[in-house]
Amino acid sequence: MITLRSLRRAALAALFAGSLIAPLAADTIYIDGAVLKPGEYQWHQGARLHDAVVAGQVSSQAWPLGAALLRQSAIEPQQRLKAGVLYELRTNGLYARGENNPELQQLLERMESFVERLPVTGRVVAELDPFQLLIASNNELLEAGDELVYPRRPSTIRVLGAVAADCQLPFGAELRLKDYLRQCPAHASAGRDYVHVIQPDGTTERVGIAHWNQQPVTLAVGAIIYVPVKPSALSPDARDLNKDMAALLATQYSLGGRYSE
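So the mapping is simple: my numbering equals the position in the sequence shown, first residue as 1, plus 732.
The set of hints was computed from the structure by calculation and includes no laboratory data. This list has only true hints and no planted wrong ones.
For lysine-lysine, the following DSS-like pairs were computed, each having C-alpha atoms within a straight-line distance of at most 27 Å:
no., residue 1, residue 2
1, Lys814, Lys975
2, Lys962, Lys814
3, Lys962, Lys975
4, Lys910, Lys975
5, Lys910, Lys962
Could you put together the complete structure from these sequences and hints?
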């Protein structure tokens, strides 16, 4: 019986014939997660993302929207970003103590502990859907050392930041941003005008949530909602905390495939 899935696989095989990626050599890229042939592959000058997709054979269980391109050249800037976020959290924690605001100080200490555990991934925003890579403008060049990770589809939305406690909530296609925020009570020091939405592909957007600036937004399964600390509560020396925190969260990604087996 011919199925849509078999037709898609046949189309990919025909369109991606002649890949520039071959297994196991000195200059390498890595393909992990929900792929049929995970592992280390040779990198050649001129190799592109679709060559890696062909080599690893992305499975039907993969979730391309949440796939991650991890790049060695992005590690150092992200190390600086993480160090900057930790500095901003500590600076604001000292400011909160000086302002006699123990609730905010405790929140910032909790956020600091959370950030300390985050890995520096090297994730960069890239289109990783196999069919979208047929469009030349999406099909970026690979760099030696790149890693592609294809997770399986999650079933939740996470709400982090200035909340009473971090939340992991069931995703519902009918639910709106405010529905998730109602399920995850805000901290007393939370900003009330905006949140930052981090989509599973690593793109970010600051979204208005107050009556005067409310904006529509579509949340994909696996998204993160970052509730900011209200700007008026932050130290004048570390006012970029919320923007930098959202940027750091965008470098994280879901695991999947063999990682969860």
